[in-house]
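Trainee: Sequence:
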Amino acid sequence: MTDLTHFNHQGEAHMVDIDHKPKTNRIAQAKCRILLKLSTLELITQNKIKKGDVFGIARIAGIMASKQTPSLIPLCHSILINSASIEFIPLQEPPCIDIIAEVTSSGKTGVEMEALTAVSVSALTIYDMVKSVDRGVIISETRLIFKDGGKSGRFEVA
Numbered sequence: 027m028t029d030l031t032h033f034n035h036q037g038e039a040h041m042v043d044i045d046h047k048p049k050t051n052r053i054a055q056a057k058c059r060i061l062l063k064l065s066t067l068e069l070i071t072q073n074k075i076k077k078g079d080v081f082g083i084a085r086i087a088g089i090m091a092s093k094q095t096p097s098l099i100p101l102c103h104s105i106l107i108n109s110a111s112i113e114f115i116p117l118q119e120p121p122c123i124d125i126i127a128e129v130t131s132s133g134k135t136g137v138e139m140e141a142l143t144a145v146s147v148s149a150l151t152i153y154d155m156v157k158s159v160d161r162g163v164i165i166s167e168t169r170l171i172f173k174d175g176g177k178s179g180r181f182e183v184a
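This note's numbering runs 26 ahead of the 1-based position in the sequence shown.
Hints in this document: simulated from the structure, not taken from any laboratory. Built from N, CA and C at the ideal position, the CB exists for glycine as well. There is no bait here: all hints are sound.
Computed list of lysine-lysine pairs in BS3-like fashion (alpha-carbon distance at most 27 Å, straight line): (1) Lys177 x Lys134; (2) Lys77 x Lys157; (3) Lys157 x Lys76; (4) Lys49 x Lys134; (5) Lys63 x Lys77; (6) Lys74 x Lys63; (7) Lys157 x Lys93; (8) Lys134 x Lys93; (9) Lys57 x Lys77; (10) Lys93 x Lys177.
Have a look at the derived ranges for each label pair, beta carbon to beta carbon: (11) Glu38 x Lys74: 51 to 59 Å; (12) Pro48 x Gly82: 34 to 42 Å; (13) His40 x Lys157: 38 to 46 Å.
All chains, please: the whole structure from these sequences, using the hints.
Mentor: Quick look at the structure:
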């Protein structure tokens, strides 16, 4: 069990000690895709969904979620987030919305989980707002697309 970072010598779960790590600038970007009917996409982009401004509400939900990541993911460190942003890219073929979250911090641990949480909650919020007109929405391809900072350095999807 000693090779597993989130278990102590007795095999019990614990939060990793990051006190010895240096503070560095951290950035992470995550992406998620929502597949939906073209008619639903048009309602969203024309701001005709009855629940309101889908992108505006999903953006706030994603940013708020990034700040709540340690409450949702066991053993995830609480960190000071410098910035969090959400971008929505509607595409006609196939009819979908790409969601990209970017989170930055200057700290001892990365912000990958915060970016992934942000796109996930943004996607769930969109689903909630459009389910009355399209229950067939598919949330897919949630993944880290970029990170930099810390000991492991840079990662980027080609």
